[in-house]
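Trainee: In case you want the letters, here they are:
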Amino acid sequence: MNGPTEMPIATNGDVVLVRQKVRGLAAEIGLSLVDQTKIVTAASELARNALVHAGGGRVHIEVLHGARRPGLRLVFSDEGPGIPDLEQALTEGWSTGGGLGLGLSGSRRLVDEFDLVSAPGEGTRVTVTKWAR
Amino acid sequence: MTVPDEAAKRRIVDLFLSEEERLLRRWTQLSGASPDELRDLYQALRTALVDGAGDFADVRGLLAELSRARVRQGHTPSDTARMVFSLKEALYEAAEADGGPEALRGFVWFSQLVDDLGLYTFETYTAAREKIILDQAEQLLELSTPVVKLWEGIVAVPLVGTLDSARTQVVMEKLLQTLVETGSEHAVIDITGVPAVDTQVAQHLLKTVVAARLMGAECVISGIRPQIAHTIVTLGIEFGDIVTKASLADALSYALRRSGVEITGAERARIAVRAERP
Ligand SMILES: Nc1ncnc2c1ncn2[C@@H]1O[C@H](COP(=O)(O)OP(=O)(O)OP(=O)(O)O)[C@@H](O)[C@H]1O
Ligand SMILES: [Mg+2]
Numbered sequence: 001m002n003g004p005t006e007m008p009i010a011t012n013g014d015v016v017l018v019r020q021k022v023r024g025l026a027a028e029i030g031l032s033l034v035d036q037t038k039i040v041t042a043a044s045e046l047a048r049n050a051l052v053h054a055g056g057g058r059v060h061i062e063v064l065h066g067a068r069r070p071g072l073r074l075v076f077s078d079e080g081p082g083i084p085d086l087e088q089a090l091t092e093g094w095s096t097g098g099g100l101g102l103g104l105s106g107s108r109r110l111v112d113e114f115d116l117v118s119a120p121g122e123g124t125r126v127t128v129t130k131w132a133r
Numbered sequence: 001m002t003v004p005d006e007a008a009k010r011r012i013v014d015l016f017l018s019e020e021e022r023l024l025r026r027w028t029q030l031s032g033a034s035p036d037e038l039r040d041l042y043q044a045l046r047t048a049l050v051d052g053a054g055d056f057a058d059v060r061g062l063l064a065e066l067s068r069a070r071v072r073q074g075h076t077p078s079d080t081a082r083m084v085f086s087l088k089e090a091l092y093e094a095a096e097a098d099g100g101p102e103a104l105r106g107f108v109w110f111s112q113l114v115d116d117l118g119l120y121t122f123e124t125y126t127a128a129r130e131k132i133i134l135d136q137a138e139q140l141l142e143l144s145t146p147v148v149k150l151w152e153g154i155v156a157v158p159l160v161g162t163l164d165s166a167r168t169q170v171v172m173e174k175l176l177q178t179l180v181e182t183g184s185e186h187a188v189i190d191i192t193g194v195p196a197v198d199t200q201v202a203q204h205l206l207k208t209v210v211a212a213r214l215m216g217a218e219c220v221i222s223g224i225r226p227q228i229a230h231t232i233v234t235l236g237i238e239f240g241d242i243v244t245k246a247s248l249a250d251a252l253s254y255a256l257r258r259s260g261v262e263i264t265g266a267e268r269a270r271i272a273v274r275a276e277r278p
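Note that the protein sequences, when read in sequence, are chains A and B.
All residue numbers for the first sequence refer to our numbering, where the first residue is 1 and numbers rise by one.
All residue numbers for the second sequence refer to our numbering, where the first residue is 1 and numbers rise by one.
Bear in mind the hints are in silico, worked out from the structure with no lab data behind them.
Predicted, not measured: the structure shown is a model, and the values here were computed from it.
Don't take each hint at face value.
As the list claims (entries may be wrong) - If you want a taste of the chain B side facing chain A, the calculated C-beta under 8 angstroms gives, among others:
(1) Q203
(2) T231
(3) L235
(4) I237
As the list claims (entries may be wrong) - Calculated pairs, EDC-like style, for lysine to aspartate or glutamate (alpha carbon to alpha carbon, straight line, at most 20 angstroms):
(5) B:K88 <-> B:E19
(6) B:K207 <-> B:E173
(7) B:K131 <-> A:E6
(8) A:K21 <-> B:D135
(9) A:K21 <-> B:E130
(10) A:K21 <-> A:E6
Where a beta carbon is used, it is the ideal one built from N, C-alpha and C, also for glycine.
Input sequences plus hints: build the corresponding full structure.
Mentor: See below:
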């Protein structure tokens, strides 16, 4: 039914489109309203991080068919400056851009699986997964 | 009458190059496009035909740029297509004047090339226009922000849609201005219509509340739905000492109480809200 899709993240408008796409799929695979809102919010944070901190990137969106329940996996990637200190970046309140510094750490709590790969000069890739309950 | 392909191509390209000034003049007349745009296109075509060994990537890039610009300037699609296609007519006149079989045969080849480029232009034009329509729809969806006076001394902004920086700026200014104009000391920011509150939205809300405070007004945030409350807490956002209420009606009755209005029952507050909303 829903093959994997890839969406660009180059403008604020793109962030809105990503959010809409994720909301649609989250509802389709039967996530609860709370879980829909959580994955949409995480998508919003990670998309904007790619836009703001890396000058743009893309998201790969995939519906997973687990043995017992479906899930939604989002892979955000960019070729931006990368994150020198992952632990620091995941610290609540740490921001290099005058934000609240809650996007990354908060997203980790909003999803079931969270994976952050980044190194200076090598861009950033964040993979998040939310499973239906 | 058969003419070898290569000779035909060479002849028409020669004509294209040697007739530069006349071609450009006719092309401008026929297309109604600006001479500068056409000159750029001509240069790109010349490079592709002479040095580029038929690589039209740059020409396409330029055409894409031109058609996007034309969408923004409000040119029609046929106008835009004519910009490219009219080169054929201009070149045909040169080929006819030459009269030789190579030139005419070469013209057929050249006009296929122009057709391709014309279609490409048309496609980029359509894509650009679709994008603009989409953007506008988004903005419309996300842009209606009335500030309404709920009661003497109490104003409200029902937020609907996503809060990006630009829009928040508008909302904030409008709210602050209305506070001054109406001499209100209470503002209710209702987020029932906001689909998700992420860190950016939260930060914008917090800033608005602080700015209102600096003007001596107190804000109440209402309409935080359960799933949003859940998400806000999980994200780790703290609203500090900002008063929040479940519904706009609750926020209004709170603000009324704070401004010293007697309320005998929640019923009345709710009726007041309805009466003030369009
Ligand atoms: N894709 C990225 N590329 C480079 N640096 C990033 C990326 N994502 C996050 N960072 C770094 O990690 C920090 C923390 O990110 P986080 O999303 O938590 O906060 P923020 O974006 O600064 O503020 P907000 O609370 O509004 O999200 C950022 O300030 C930035 O330095
Ligand atoms: Mg962030």
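Trainee: Does each hint hold? Answer for all of them.
Mentor: Structure-based check of each hint:
no., hint, in the structure
1, Q203, "5 angstroms, holds"
2, T231, "5 angstroms, holds"
3, L235, "3 angstroms, holds"
4, I237, "6 angstroms, holds"
5, B:K88 <-> B:E19, "14 angstroms, holds"
6, B:K207 <-> B:E173, "11 angstroms, holds"
7, B:K131 <-> A:E6, "17 angstroms, holds"
8, A:K21 <-> B:D135, "15 angstroms, holds"
9, A:K21 <-> B:E130, "18 angstroms, holds"
10, A:K21 <-> A:E6, "11 angstroms, holds"
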